[in-house]
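Protein chains: 2
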Amino acid sequence: MKIGIIGGTGDIGEGLAHRLSQNHEIYIGSRDKDKACETSECMIKALSEKGISAHCQGVTNQDAVDMGDIVVISVNYRHLESTIKSLTGFEDKIVVTPVNPIGKTDHFYYDPPEEGSAALAIKKMLPESAKIVGAFNNISAQKWKKLDEVLDYSVAVCGDDLASKKIVMGLVEEVSELTAYDAGPLESSSIIESITPLILNIAKYNNMKDVGIKFY
Amino acid sequence: MKIGIIGGTGDIGEGLAHRLSQNHEIYIGSRDKDKACETSECMIKALSEKGISAHCQGVTNQDAVDMGDIVVISVNYRHLESTIKSLTGFEDKIVVTPVNPIGKTDHFYYDPPEEGSAALAIKKMLPESAKIVGAFNNISAQKWKKLDEVLDYSVAVCGDDLASKKIVMGLVEEVSELTAYDAGPLESSSIIESITPLILNIAKYNNMKDVGIKFY
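Quick note, the sequences are listed as chains V and E, same order.
Following this note's numbering, the numbering of the first sequence begins with 578 at its first residue and continues without gaps.
Following this note's numbering, the numbering of the second sequence begins with 578 at its first residue and continues without gaps.
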């Protein structure tokens with residue numbers, strides 16, 4: 578599949594690209610195309626040293642949308658609206674969001690927009706034919722970056738279009754040892770996104786690092 | 578410790594009582610004292626057959642509040658307000674809430690009151706000196722009932738009074754193989770409670786039973 582990653586030079590984008598570029602064509606998008614190319618070249622080199630041929634290219638964020646059958650929005654929540662509104666061409670795309678709106682005082686808390694979640698806000702901003710799927714929300718950026726480390730967490734996947742959800746669940750299961758769980762409609766995204774500030778609090782208050790989650 | 582369980586004849590109440598009555602004095606409360614006594618006697622007998630001496634007594638819900646140093650509110654959310662408002666004497670008590678406000682259409686969803694969570698609603702209803710602690714929210718009733726089965730889940734514990742929270746975390750860790758995690762202030766209760774409809778959805782959409790959660 579062709580996977581365009583908006584904000585692909587960030588931890589999640591890079592981590593996903595690294596783990597999927599053997600079997601899929603990855604378009605690492607960025608506002609800064611040079612940075613995207615640099616990230617892509619580094620990745621190809623690092624994987625080549627392990628005997629893995631990576632199908633990867635650095636592009637603009639718009640190219641990542643245009644070229645991807647699946648588009649991953651790998652940006653920080655505070656840049657979400659401005660990023661999405663600068664792009665077009667989402668019609669009929671599967672759009673994957675790992676975005677979590679988080680606030681912080683002396684602890685972390687869930688701080689969603691009025692739509693109820695980042696995923697529901699994205700749905701509102703995009704054409705009706707775009708199929709929004711929430712996934713990869715609760716895996717720490719630090720874990721994504723550790724490219725040789727096994728990721729054996731559970732990933733709750735939610736969305737209103739079943740076929741798109743199943744495709745994304747398949748993609749999740751290609752990444753390391755992640756296990757995908759259908760978590761129901763896109764409305765579930767508020768709960769799934771809110772788990773991220775919860776596990777950040779658990780890390781903080783229990784002296785843990787990079788806390789993840791498993792359902793079983 | 579003396580633990581009063583309001584609604585102690587329900588699955589969670591009975592399951593907790595069964596697993597804690599060896600080391601603590603358990604007061605199984607009910608609106609129906611006869612039912613509480615019957616549950617208590619059954620439990621004493623069942624544990625005695627395993628060579629365990631249970632410290633357990635059936636009482637009214639009001640007695641459970643009066644006698645407990647720790648009071649567990651083991652009632653369904655729809656009965657929460659009427660139950661709490663029928664009781665007095667919560668001053669200075671540690672009050673543990675596993676209550677989750679859940680709605681259901683073709684899927685489960687989180688349906689909190691205006692206060693933001695069941696725990697925050699309880700805090701509002703009780704005297705200021707009562708110390709509310711959220712715990713045991715995400716363990717399925719069916720698992721509680723299987724009295725010989727090991728429970729090896731993670732339990733997120735939240736509350737504003739650190740000492741009370743630590744006491745409850747200690748109690749959690751006495752139950753089977755549960756692991757307690759400090760999840761921060763009582764405000765975290767909305768996220769923790771919402772995990773329950775999420776895991777109910779995961780069970781529904783993935784043909785699983787009694788889904789639980791682990792943080793690691």
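Worth flagging that the hints you see were computed from the coordinates, not collected in a lab.
Do not rely on the hints blindly, as some may be mistaken.
Given that identical chains are not distinguished, each listed pair holds provided it fits within a single copy or across any two copies.
With a Cα cut of at most 25 Å, we get these calculated DSS-like pairs of lysine-lysine [claimed, not checked]: (1) Lys-791 to Lys-723; (2) Lys-786 to Lys-743; (3) Lys-720 to Lys-791; (4) Lys-781 to Lys-791; (5) Lys-627 to Lys-781; (6) Lys-743 to Lys-681; (7) Lys-791 to Lys-622; (8) Lys-743 to Lys-662; (9) Lys-723 to Lys-701; (10) Lys-781 to Lys-743.
Quick caveat, the model's predicted, so the values are computed rather than measured.
Going down the list of hints, with the structure as the test:
1. Lys-791 to Lys-723: Cα proximity of Lys-791 and Lys-723: in one copy and across copies (19 Å, 22 Å).
2. Lys-786 to Lys-743: This pair counts as between: shortest inter-copy Cα distance 21 Å, intra-copy 31 Å.
3. Lys-720 to Lys-791: both (15 Å within a copy, 17 Å between copies)
4. Lys-781 to Lys-791: both (19 Å within a copy, 17 Å between copies)
5. Lys-627 to Lys-781: neither (35 Å within a copy, 41 Å between copies)
6. Lys-743 to Lys-681: Cα proximity of Lys-743 and Lys-681: across copies only (23 Å, versus 34 Å in one copy).
7. Lys-791 to Lys-622: neither (33 Å within a copy, 36 Å between copies)
8. Lys-743 to Lys-662: neither (27 Å within a copy, 47 Å between copies)
9. Lys-723 to Lys-701: neither (34 Å within a copy, 45 Å between copies)
10. Lys-781 to Lys-743: For Lys-781 and Lys-743, only the inter-copy Cα distance (15 Å) is at most 25 Å; the intra-copy one is 34 Å.
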